[in-house]
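Residue numbers (our numbering), protein chains in the order written: chain S, 1 to 373; chain G, 1 to 373; chain V, 1 to 373; chain L, 1 to 373.
What the hints contain is simulated information worked out from the structure, not anything from laboratory work.
The structure displayed is predicted, hence computed values, not measured ones.
Glycine included, every Cβ here is placed at the ideal spot set by N, Cα and C.
Do not rely on the hints blindly, as some may be mistaken.
[As the list claims (entries may be wrong)] DSS-like, lysine-lysine: derived pairs with alpha carbons at most 25 Å apart:
| no. | chain 1 | residue 1 | chain 2 | residue 2 |
| --- | --- | --- | --- | --- |
| 1 | L | Lys373 | G | Lys361 |
| 2 | G | Lys155 | S | Lys253 |
| 3 | V | Lys373 | S | Lys369 |
| 4 | V | Lys315 | L | Lys373 |
| 5 | G | Lys314 | S | Lys373 |
| 6 | S | Lys253 | G | Lys181 |
| 7 | S | Lys265 | G | Lys315 |
| 8 | G | Lys13 | V | Lys13 |
| 9 | L | Lys314 | V | Lys266 |
| 10 | S | Lys195 | G | Lys253 |
| 11 | G | Lys315 | S | Lys266 |
| 12 | L | Lys167 | L | Lys181 |
| 13 | L | Lys315 | V | Lys266 |
| 14 | V | Lys373 | L | Lys315 |
| 15 | S | Lys315 | G | Lys369 |
| 16 | L | Lys78 | S | Lys13 |
| 17 | V | Lys373 | L | Lys314 |
| 18 | G | Lys369 | L | Lys369 |
| 19 | V | Lys373 | V | Lys361 |
| 20 | V | Lys369 | L | Lys315 |
| 21 | S | Lys314 | G | Lys265 |
| 22 | V | Lys155 | V | Lys195 |
| 23 | L | Lys181 | V | Lys253 |
| 24 | S | Lys361 | V | Lys369 |
| 25 | S | Lys361 | V | Lys373 |
| 26 | G | Lys314 | S | Lys266 |
| 27 | V | Lys174 | V | Lys195 |
| 28 | V | Lys361 | S | Lys369 |
| 29 | V | Lys315 | L | Lys268 |
| 30 | G | Lys369 | L | Lys361 |
| 31 | L | Lys155 | V | Lys155 |
[Stated by the list, open to error] To give an idea of the chain G side of the interface with chain S (calculated C-beta under 7 Å), a few residues:
| no. | residue |
| --- | --- |
| 32 | Pro95 |
| 33 | Gly231 |
| 34 | Ala241 |
| 35 | Phe244 |
| 36 | Glu261 |
Protein chains: 4
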Amino acid sequence: MLRYLTAGESHGKYLVGILEGMIAGLTIDTELVNRELSRRQAGYGRSPRMKIESDRIEILSGIRKSESIGGPIALLIKNRAERMEQLPSFTSPRPGHADLAGALKYNRRDLRDILERASARETACRVAVGSIARQLLREFKIELISHVVNIAGIKADTRGLSFTAIKSRVLRSKLNCGDQKAQAAMIAEIDKAGKEGDTVGGIFEVIIRGLPPGLGSYVHCDRKIDNRLAGAISSIQSIKAVEFGLGFSVSGKRGSEVHDEIFYKKGKGFYRHSNNAGGIEGGMTNGEDIVLRAAVKPISTLRRPLRSVDIVSKKPSRARFERADICVVPSAGVIGEAVAAFEIANLMLEKFGGDSLEEMKRNYQGYIKQISK
Amino acid sequence: MLRYLTAGESHGKYLVGILEGMIAGLTIDTELVNRELSRRQAGYGRSPRMKIESDRIEILSGIRKSESIGGPIALLIKNRAERMEQLPSFTSPRPGHADLAGALKYNRRDLRDILERASARETACRVAVGSIARQLLREFKIELISHVVNIAGIKADTRGLSFTAIKSRVLRSKLNCGDQKAQAAMIAEIDKAGKEGDTVGGIFEVIIRGLPPGLGSYVHCDRKIDNRLAGAISSIQSIKAVEFGLGFSVSGKRGSEVHDEIFYKKGKGFYRHSNNAGGIEGGMTNGEDIVLRAAVKPISTLRRPLRSVDIVSKKPSRARFERADICVVPSAGVIGEAVAAFEIANLMLEKFGGDSLEEMKRNYQGYIKQISK
Amino acid sequence: MLRYLTAGESHGKYLVGILEGMIAGLTIDTELVNRELSRRQAGYGRSPRMKIESDRIEILSGIRKSESIGGPIALLIKNRAERMEQLPSFTSPRPGHADLAGALKYNRRDLRDILERASARETACRVAVGSIARQLLREFKIELISHVVNIAGIKADTRGLSFTAIKSRVLRSKLNCGDQKAQAAMIAEIDKAGKEGDTVGGIFEVIIRGLPPGLGSYVHCDRKIDNRLAGAISSIQSIKAVEFGLGFSVSGKRGSEVHDEIFYKKGKGFYRHSNNAGGIEGGMTNGEDIVLRAAVKPISTLRRPLRSVDIVSKKPSRARFERADICVVPSAGVIGEAVAAFEIANLMLEKFGGDSLEEMKRNYQGYIKQISK
Amino acid sequence: MLRYLTAGESHGKYLVGILEGMIAGLTIDTELVNRELSRRQAGYGRSPRMKIESDRIEILSGIRKSESIGGPIALLIKNRAERMEQLPSFTSPRPGHADLAGALKYNRRDLRDILERASARETACRVAVGSIARQLLREFKIELISHVVNIAGIKADTRGLSFTAIKSRVLRSKLNCGDQKAQAAMIAEIDKAGKEGDTVGGIFEVIIRGLPPGLGSYVHCDRKIDNRLAGAISSIQSIKAVEFGLGFSVSGKRGSEVHDEIFYKKGKGFYRHSNNAGGIEGGMTNGEDIVLRAAVKPISTLRRPLRSVDIVSKKPSRARFERADICVVPSAGVIGEAVAAFEIANLMLEKFGGDSLEEMKRNYQGYIKQISK
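Build out the structure end to end from the sequences listed, making use of the hints.
See the structure below:
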């Protein structure tokens with residue numbers, strides 16, 4: 001079992017994470033982690049803070065001579081903008097944020113006590129954890145990519161593009177978008193919203209390929225892979241929706257149109273010509289790519305602040321403005337990859353067990369051989 | 001902490017559930033549980049089996065003189081159609097089902113070993129567990145209702161209807177639908193699909209009202225209420241998508257249109273004029289109704305079977321047909337209420353603690369008073 | 001991951017258990033379970049109730065054609081003495097029992113609401129669950145036996161006896177004792193205490209053999225096998241102490257006397273001449289037998305009742321007497337085997353993974369080969 | 001729910017911990033944490049390393065203006081002796097340590113990869129976490145102290161001493177011992193063992209006072225407080241035994257001698273004249289002091305090394321010697337206090353819920369009032 005905890009506030013000294021349960025013998029490349037941290041910070045429409053922070057990870061434990069040794073892996077990410085203690089108090093909660101409910105729940109009168117932890121800054125840690133999970137998955141040739149499929153209502157068209165094609169386009173795109181034409185229109189919308197002191201949302205898609213069939217299970221509801229992935233994706237700040245494969249559009253389709261017929265070829269094994277299920281049947285991977293999409297709401301910190309109420313005086317007020325982004329959809333996608341990578345790595349460990357890379361690989365290969373019979 | 005396990009196969013002798021962690025002193029009405037079990041089985045478009053089974057719960061423990069005593073509550077639901085051992089083997093997996101991936105994962109050659117547990121029959125237990133959770137929530141005036149908002153692409157229009165209005169319409173509707181006109185069209189589509197040996201999907205919505213602010217938390221990703229609800233809903237068979245509040249439609253909106261401005265009135269406390277957030281901000285309830293929607297795929301057991309492959313001979317074949325439903329969207333909604341009720345009850349217990357109803361209520365009221373200051 | 005919940009009261013209709021997470025393909029013999037249930041009920045010094053109940057298990061799910069299929073295994077054990085609703089209330093808590101603290105915690109005024117679940121009757125379920133876990137362990141040639149090493153201060157001497165010798169003596173002994181002479185003295189003490197309306201305690205030992213090295217881990221405190229075993233054993237009613245290997249007697253020894261030197265022989269691998277560690281080093285199995293002992297207090301239901309206080313009137317009173325045992329040490333040992341078997345099975349699954357017996361065995365054998373290099 | 005993860009190696013740069021689930025509004029005094037860290041390092045018989053390290057905690061998150069804010073609390077403890085990457089490899093496992101089983105499990109050939117994490121250095125983190133838990137308990141007037149009751153077979157006599165008396169003696173003692181005469185003899189034994197290149201073990205006792213009745217529960221085996229405490233204590237390095245109250249000595253006593261009769265006095269509530277149960281009945285606190293004892297084995301790193309086998313060459317060898325302690329019993333007691341404090345704090349939160357100190361206290365006081373009726 002793989003698990004992790006993260007800690008740290010938006011303007012605290014450090015973000016800290018501990019990833020526990022990693023097998024021994026995995027070569028961990030901190031530069032790959034840093035690359036994912038950069039991807040999280042990039043993306044057209046991010047706030048100037050993203051230029052302030054240029055996140056780099058420091059691994060404090062669990063690794064010796066570049067290899068994991070089985071112990072917990074502690075991560076540190078320095079906040080450049082450390083000044084939490086000095087930052088001003090505020091008492092007007094921002095609609096769409098944790099501010100109001102958080103202040104009631106934790107009985108705080110300074111909303112900074114809420115927003116510092118509720119901030120999506122925390123996801124840097126989750127990206128770092130996910131990036132290590134990903135380095136494990138790479139050993140099994142499992143890969144993930146996210147791409148932006150909608151910003152401000154503008155849809156990207158990536159029909160017919162392979163995983164590789166999408167990936168290479170994403171890595172060259174400012175918006176992690178696989179459709180250049182749509183991207184231009186998206187950028188225009190972001191610029192427009194920015195000028196008007198407003199923000200825009202969108203949709204990203206995560207694709208995971210190279211999965212063996214049988215991760216997750218139908219035997220108990222909390223073992224289903226869709227349970228775990230939907231939960232993980234929904235725990236990303238600003239996410240309001242998740243779907244797999246055809247997702248909401250199944251509602252307008254007949255059963256005969258939806259289900260992916262099964263074929264077999266020697267050497268290749270079972271396969272499908274369609275992937276409407278998004279790689280998941282019965283709460284398990286079916287061997288096809290997992291395809292999931294999630295909706296990201298427009299960021300709630302607006303330069304033109306919304307109506308609110310002062311929690312102390314109870315008088316009408318305006319929500320406080322903090323420096324913020326116009327569009328975070330590409331970043332949310334990168335975080336989506338990370339949390340999905342963690343869940344998949346965990347399911348791999350549950351299925352294959354093992355305490356060293358050699359052992360886990362041997363177990364994995366035994367299974368692959370078994371199901372190829 | 002509240003937790004449960006369920007057990008039982010579709011054609012086994014019994015379904016069994018154990019709900020652990022319930023406080024003492026709660027009056028539990030088994031007839032209320034049976035009523036929810038009936039609601040799960042009803043709905044236009046269900047298979048004739050639903051007439052065979054008329055589920056009734058037997059509570060085997062945890063209750064004395066109609067009151068919970070703190071111990072685990074064991075539930076038994078008898079299967080009328082008990083004959084698992086006699087049912088024929090089959091080896092052609094049904095696309096859209098757990099059959100193929102399950103057989104590979106668990107190394108079985110008889111697909112009945114998979115489908116018996118993967119079947120949605122198991123959800124009867126989850127409905128029973130949810131119904132008990134609901135009886136706890138009722139003590140805090142928290143209520144849930146689901147309604148069908150889309151079948152076969154036909155949308156119900158319930159704009160402007162109150163919780164009470166929707167509830168009363170749903171309880172009189174064959175399809176748990178709040179829009180009579182849409183319902184007629186939905187029924188026509190179900191009939192048509194049935195005649196053509198096909199199935200239809202749709203979308204249900206769950207509304208939860210009476211929630212205090214501050215259930216769930218932003219402090220750690222796995223404490224977020226959207227994480228838990230999205231996970232629970234996604235663990236229902238056939239669900240391919242979940243959304244909260246505006247859901248996917250946030251992608252086409254500006255931040256200034258999305259966020260729910262905050263108001264305050266003495267006696268009433270903080271409130272909103274809109275509920276685009278679906279009752280959740282920062283991974284917590286904000287005091288408004290939770291509103292979530294989920295997409296249900298058309299059932300994958302088709303009378304006109306799809307192409308498949310025999311898992312033993314590896315020869316092309318047709319997927320086996322088992323007696324089945326044409327449309328399960330209303331049932332899925334009832335299950336959605338149940339799993340949501342469980343998650344809310346659990347979060348209530350986490351926040352308020354307590355081992356007896358008296359204690360939990362006292363703690364709850366103390367908090368309500370605190371946040372009203 | 002293997003997990004379970006149990007439910008049921010001492011005089012309720014049924015005891016119920018659900019064991020979740022078992023691999024598929026394990027042949028499960030209910031007669032072996034029944035045999036363990038009988039062993040739990042036997043033992044010189046048990047109450048006449050043990051003759052009333054003759055526990056037999058009914059498996060309601062998770063098995064088809066005698067083989068596990070991967071789904072949760074639900075167990076039912078009928079209580080012969082079902083009459084909980086009719087049993088009289090009482091309000092004088094018995095010292096040594098859950099009665100008083102339970103009534104305060106759960107806010108009950110009838111102590112029967114407490115004792116019905118607190119009773120050790122519940123352990124029948126844990127023995128059944130443990131017996132299934134044991135059938136899994138048997139596939140890996142892991143065996144457990146408990147024996148009584150002390151009753152009423154009389155010590156059994158089993159120095160020099162092999163696992164097999166102890167086992168064969170235990171199975172022929174009324175007290176699960178490996179020393180016939182000591183046993184005679186123990187029986188005399190039990191008889192004497194019984195005549196005087198009193199009860200006696202003692203110590204049992206559990207030995208587990210056939211373990212691979214490396215179950216459990218030092219990498220995080222909650223992964224240590226001694227953490228899990230000590231916790232599980234301590235959760236048995238009436239247990240007041242647990243020790244591994246030399247246990248408390250390490251306090252009087254030097255380091256040079258305590259640690260088990262390491263030897264190696266081709267074919268045999270690493271081995272020791274002593275086993276002072278009781279098979280556990282660094283929170284892991286080291287390949288030697290696990291040896292643990294636990295102290296069982298004399299049962300607190302005395303025929304000569306102790307001083308107490310009526311919880312309603314607050315007046316001094318005498319603790320209620322319920323039909324009870326004089327000595328439960330042999331039974332406690334059988335329960336000890338069961339809970340230990342569960343923990344070991346769980347650690348085996350964590351280390352070796354797998355969803356079918358074939359897969360788990362293949363992974364296990366791969367590891368055994370790896371560490372023999 | 002309170003939880004934590006720790007990370008870090010003995011000669012790594014830092015030890016890291018994250019404590020998640022703490023309520024908001026608790027004033028946290030880092031000097032109190034540092035004091036506990038010092039207590040862990042002190043004690044006659046510790047190695048010279050203890051002079052090298054003088055542990056101080058840095059809190060990186062979860063606190064603002066000296067108060068907890070609800071978010072995870074990350075802790076950093078700097079290792080002065082950071083040089084893990086440079087330290088020599090070794091291949092001769094030390095009997096009594098994790099070395100051999102760890103190398104087999106994690107497939108490592110350099111035993112330093114094992115010992116660095118298996119080392120008790122890690123417990124500094126657990127002491128820090130426990131010290132924060134303790135600051136929560138202090139708000140409810142719950143206190144803990146440990147004292148050494150046996151070293152090298154020499155028993156301390158503290159019969160009749162109150163909690164306060166023991167505590168004040170412990171804080172002035174080099175060995176955390178409440179019996180000065182015994183202490184002198186213990187020191188002589190430590191000196192003697194040290195001269196002979198050997199080590200000694202012993203027994204410590206933890207006393208917890210101020211507990212409300214009803215922490216933990218009998219309703220499910222994994223909720224019992226003895227389960228949790230025995231597990232936590234057993235997870236401390238070198239612990240081979242745990243007992244509560246009379247512990248192993250119950251085996252030589254009659255029921256009528258063992259159980260603590262119940263009395264009542266207005267204003268004082270229910271109480272006992274004896275505490276043979278060690279404060280636990282039915283898996284719950286009964287309101288009396290929890291008293292537990294644990295046996296600490298003599299440290300396995302001996303200056304006169306034991307026989308071993310080189311894991312690479314498989315040739316007989318001698319176990320490697322690393323700078324080490326002669327006696328760690330007092331330290332183990334301090335760690336025992338810390339892990340017990342964590343478990344109690346967690347059970348307090350489970351029972352009383354609450355997200356702020358104000359809320360938790362209000363809930364607590366409501367319960368105290370309820371049970372005083």
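Hint check results:
1. Lys373/L with Lys361/G: Given pair Lys373/L, Lys361/G holds - Cα atoms ~17 Å apart, limit 25 Å.
2. Lys155/G with Lys253/S: holds, 13 Å
3. Lys373/V with Lys369/S: Holds, at about 24 Å.
4. Lys315/V with Lys373/L: holds, 14 Å
5. Lys314/G with Lys373/S: Cα-Cα ~10 Å, so holds.
6. Lys253/S with Lys181/G: holds, 21 Å
7. Lys265/S with Lys315/G: Within the cut-off at roughly 10 Å; holds.
8. Lys13/G with Lys13/V: holds, 18 Å
9. Lys314/L with Lys266/V: The hint holds at about 9 Å.
10. Lys195/S with Lys253/G: holds, 16 Å
11. Lys315/G with Lys266/S: Status holds; Cα separation ~11 Å.
12. Lys167/L with Lys181/L: Roughly 17 Å between the alpha carbons, so the hint for Lys167/L and Lys181/L holds.
13. Lys315/L with Lys266/V: This hinted pair holds, its Cα atoms lying about 11 Å apart.
14. Lys373/V with Lys315/L: holds, 14 Å
15. Lys315/S with Lys369/G: holds, 20 Å
16. Lys78/L with Lys13/S: holds, 16 Å
17. Lys373/V with Lys314/L: The hint holds at about 10 Å.
18. Lys369/G with Lys369/L: Holds, at roughly 19 Å.
19. Lys373/V with Lys361/V: holds, 19 Å
20. Lys369/V with Lys315/L: holds, 20 Å
21. Lys314/S with Lys265/G: Cα-Cα ~8 Å, so holds.
22. Lys155/V with Lys195/V: At roughly 22 Å apart (the allowed maximum being 25 Å), Lys195/V and Lys155/V satisfy the hint.
23. Lys181/L with Lys253/V: Between Lys181/L and Lys253/V the Cα gap is close to 20 Å, so the pair holds against 25 Å.
24. Lys361/S with Lys369/V: holds, 15 Å
25. Lys361/S with Lys373/V: Cα-Cα ~17 Å, so holds.
26. Lys314/G with Lys266/S: holds, 9 Å
27. Lys174/V with Lys195/V: Holds, at roughly 19 Å.
28. Lys361/V with Lys369/S: Holds. Lys361/V to Lys369/S sits at ~15 Å (cutoff 25 Å).
29. Lys315/V with Lys268/L: holds, 14 Å
30. Lys369/G with Lys361/L: holds, 15 Å
31. Lys155/L with Lys155/V: holds, 23 Å
32. Pro95: Result: holds, 4 Å to nearest chain S Cβ.
33. Gly231: holds, 3 Å
34. Ala241: Holds, because the Cβ-Cβ distance from Ala241/G to chain S comes to roughly 3 Å (cut-off 7 Å).
35. Phe244: holds, 5 Å
36. Glu261: Holds, because the Cβ-Cβ distance from Glu261/G to chain S comes to roughly 4 Å (cut-off 7 Å).
Every hint, counting from the list given before, is met by this structure.
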